[in-house]
Amino acid sequence: MRKLILASAVALAALAPVAGHAAGGDSIFPMPPVKWSFSGPFGTYDRAAAQRGFQVFKEVCTACHSLSLVAYRNLTELGLTENQVKAIAAEYQVPDLNDEGQPIERPARLSDRFKKPFANDAAAAAANQGKAPPDLSLIVKARAGGADYTYALLVGYADYAKLSAEDKAKLDKQVQKASGDPKAKFEVTKDENFNKYFPGYKISMAAPLAADKVTYVDGTKATLEQLSADVTHFLAWASEPKLEDRKRTGVRVLLFLLVLTGLMYAVKRQVWADKH
Amino acid sequence: MVSSSTPAGAHGDPTRRDFLMVASGAMGAVGAAATAWPFINNLNPAADTLALASVEVNVSSLQVGQAITVKWRGKPVFIRRRTADEVKAAAAVKTSELPDPQADSARVKKDKAEWLVLVGVCTHLGCVPMGNKSGDLKGNFGGWFCPCHGSHYDTSGRIRKGPAPKNLEVPPYQFVSDTLVRIG
Amino acid sequence: MASQHGTPPVFSNKLVAWIDHRLPIFSYIEKEYHTFPMPRNVNYFWNFGAIATILLVLMIATGVVLATNYTAHVDFAFQSVERIDRDVAQGWLIRDLHMNGASFFFIAVYIHMFRGLYYGSYKAPRELLWILGVVILLLLMATAFMGYVLPWGQMSFWGATVITNLFSAIPVVGPSIVEWLWGGFAVENPTLNRFFALHYLLPFVIVGVVALHVVALHQHGSNNPLGIDPKGPQDTVPFHPYLTMKDGFGVMVFLLVFCAFVFFAPDYLGHPDNYVKADPLVTPPHIVPEWYFLPFYAILRAVPDKLGGVIAMFAAIAVLFILPWLDTSRVKSCTFRPIYKWFVFVLLIDCVILGFCGANPAEGFWVPLSQVATAYYFFHFLILLPVLGKIERPLPLPHSIADAVLKKKAG
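Protein chains in written order, with my numbering: chain A, 1 to 276; chain B, 1001 to 1184; chain C, 2001 to 2411.
FYI, nobody ran anything at the bench for these hints, they're computed from the structure.
All residues carry an ideal CB built from backbone N, CA and C; glycine is no exception.
Don't take every hint at face value.
[As the list claims (entries may be wrong)] If you want the footprint, here are the derived chain A segments under chain C, 3+ residues with CB under 8 Å:
#1 137–144
#2 243–249
#3 261–269
[Said to hold, decoys possible] Dumping the calculated SDA-like pairs for lysine to any residue here, alpha-carbon to alpha-carbon at most 25 Å:
#4 B:K1075 <-> A:R109
#5 A:K86 <-> B:Q1174
#6 A:K131 <-> C:E2188
#7 A:K86 <-> B:R1182
#8 A:K242 <-> C:N2069
#9 B:K1133 <-> A:R106
#10 A:K242 <-> C:F2076
#11 A:K275 <-> B:M1021
#12 A:K242 <-> C:F2264
#13 B:K1075 <-> A:E105
#14 A:K115 <-> C:D2279
#15 A:K86 <-> B:P1045
#16 A:K141 <-> C:P2285
#17 A:K242 <-> B:D1048
#18 A:K242 <-> B:T1049
#19 A:K115 <-> B:R1182
#20 B:K1110 <-> B:A1084
#21 B:K1075 <-> A:L110
#22 B:K1071 <-> A:R73
[To be verified] Counterexamples of contact, computed for chain C against chain A with all Cβ distances above 12 Å:
#23 V2135
#24 S2176
#25 F2378
Sequences and hints are given; from them, build the entire structure.
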């Protein structure tokens, strides 16, 4: 048994190098505190928050960002009824072909994936200063720091000029370290936006959210933090719609394995009883 | 543990050992079966496939005497808005004289005799019969004609002549509204 | 030990006896997995062969099912993997098992190898057994590398680009070899197609080599923590039920840890950038291979010359092939090697340090650290091992396994 513990320690030591990058977020600013209902081994998505988040996404994000891996039918998983989702889908015209093979536009159906704001990446780039806004289907999984980072980014817009001298000095130092030029200064041009958590602290997307940018249908007060947390909740769901399935199955599997492992240990002891 | 106080007896205790063996064996078997399920289930139709398992068709633009073909579960479905004469002809046939006896009224929705919805796959060997487009051959009975082996279907989609054994299948469908048909 | 030619077993079941007379599979199982004599003192480190076998089966089973839903085309690969995660019935489970299974396969294999290193399992007459094991490691690396390309994320694409470009370091023919590997002028659709084909093929080659590995193992039987041969029945136990039950327990503990990752941290061992679809025009700021390649990646970067780095990386594995002849000690197990045993742990720490070096950008103190660690790696195998074997005075070996077991019990 002692050896077994040693073996596990060896395994963990081998895994340790990964821990560094998984932690994510090496901003000089402390991450804003936020708690998610979907974290932890029993976590689930908060349907109300995700529905509000969808409203934010629909009214704000979707103007530039696609959500190409999610279909309208998936929205029923957030607690919307089939008829509600059908009505949402019907608001969008999606390209299709008619019987004669001519391109037409028809109202979206449940089975359609979310309509993209631009016909293709090139069109998206052309409309956004040369860089296509990223698809948001996997954004929470595709960034180190996950939902915490996404949330931080959304609330992390600030006026560079109003930063403390100490913070400005820290930013200068980072630039100097990266460029090797001891006199380099951190600067934000007028096409860029200062963000405390974006790598490099400069992001081309202007602050997308502000208090009362969206009027919630459920009457929740739309502060910047509320809007950001809700849309992050929605995007976390979009990144991993099967999260609840995974955790639920996981709890059962681990309990089962624990019992079977205990039994196997007893069997092994019994079998070896006369040999030790 | 009981055995720790009487080690000598525990070694030879066949009941306890058998119980442990049977219990862990049974659990192992349950675990193996439970593990097998995701592998089998994985090959079932996926959610995006199932989402296409029913289609809704707007038939408002269809004139009397016209037909359209829509794709449902990878197969063609014929929707025909029959003329009064066609309905009358279909109803007039004596069912006892048919190879696959079935009344026309059993093949359409109540009060919707005008509308005929069929899976457009010949029951002989799976070809798609002609007769749905205006210029098509419609066979000897004014319905459909399968060019592969010469099966003739009537205006109710019933087999009348040729090698096909069964009438054209009627898929599950319902009228969501007067002009919207949901197939599947 | 294995080739004890006694009377063949008699089977009471008539059908079994009939089949066995014509196709002796039951005799084989009886001999190799029931009565097969195992040293009675093997410890839990001897579970990792069985654990690796279970993982090989799991990887092939999940892999075949995944392949039924995967599309090997640059335009569809990324979406098809996401479709498995989102739409395919329990597809997320199969993919998480496969994805984490790769990592845990390496964990099992690396522990298995260090076990062999510590207890001298590579020494005569088990040299070919060890070499077959190194062949399995190489095949495993190739399979894992190509598998990582299939989801066609950013790390997939740039990992494939960087690793295939290693071959461009070969003088004269290098660039031609790289184009041959790619089937084009960059990592593109033909590359993805052939990687998929080979990723499907290689596991079955691994199965074949594993079979040879087992044949070689059963020729002289398992080594044990004392590194001395069993002298008779008092030193051994039959494989079943002793080792089957012990392996069963070990496998369960391993699965417990494995499942904890699969269900509660499936992406912990992966990289977020691989959830961004491959873009041949944008390289992510920090490319790292999967964790199990990090030590080798560190060795590659430690040498400040392109060709030199590639040679060093391949030499790091090549040196394992000649390991049996580098060790000059007359005892197998480190239990009786008072000096060398500490150096095995130093090597382990060295490999972990190399792992950290590989995970971090090649700048600052990581550069000299990776160079020192690389130097130690080769020093260990090429100088320390041959020299220490000559000058180290081993502790006295016990008379027999049974003796040692009894003494331990008494003490």
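Is it true that the CA of B:K1133 sits at most 25 Å from the CA of A:R106? Holds, at about 23 Å.
Between the alpha carbons of A:K242 and C:F2076, is the straight-line distance 25 Å or under? holds (21 Å)
Between A:K242 and C:N2069, does the CA-CA distance stay at or below 25 Å? holds (18 Å)
For the pair supplied as a hint, B:K1075 and A:E105, is the alpha-carbon distance within the 25 Å limit? holds (23 Å)
Against chain A, does C:F2378 hold up as non-interface, every C-beta pair farther apart than 12 Å? Given a closest Cβ separation of 20 Å, the condition holds.
If you look at each residue in the region 261–269 of chain A, do at least three have a Cβ nearer than 8 Å to any Cβ of chain C? As far as the region 261–269 of chain A goes, the hint holds, because 5 residues have Cβ atoms under 8 Å from chain C.
Does B:A1084 lie within 25 Å of B:K1110 when you go C-alpha to C-alpha? Distance ~15 Å between B:K1110 and B:A1084 Cα, so the pair holds.
Is it true that the CA of B:K1071 sits at most 25 Å from the CA of A:R73? holds (20 Å)
Hinted pair, alpha-carbon criterion (25 Å max): A:K242, B:T1049. Please report holds or violated. holds (17 Å)
Can you confirm whether the C-alpha distance between A:K242 and B:D1048 stays at or below 25 Å? holds (14 Å)
Verify the coverage statement for the region 243–249 of chain A against chain C, using a C-beta to C-beta distance below 8 Å and requiring 3 or more qualifying residues. Holds: 4 residues of the region 243–249 of chain A have a Cβ under 8 Å from chain C.
With a cut-off of 25 Å on the C-alpha distance, tell me whether A:K86 and B:Q1174 pass. At roughly 18 Å apart (the allowed maximum being 25 Å), B:Q1174 and A:K86 satisfy the hint.
Violated hints: none; the structure is consistent with every hint.
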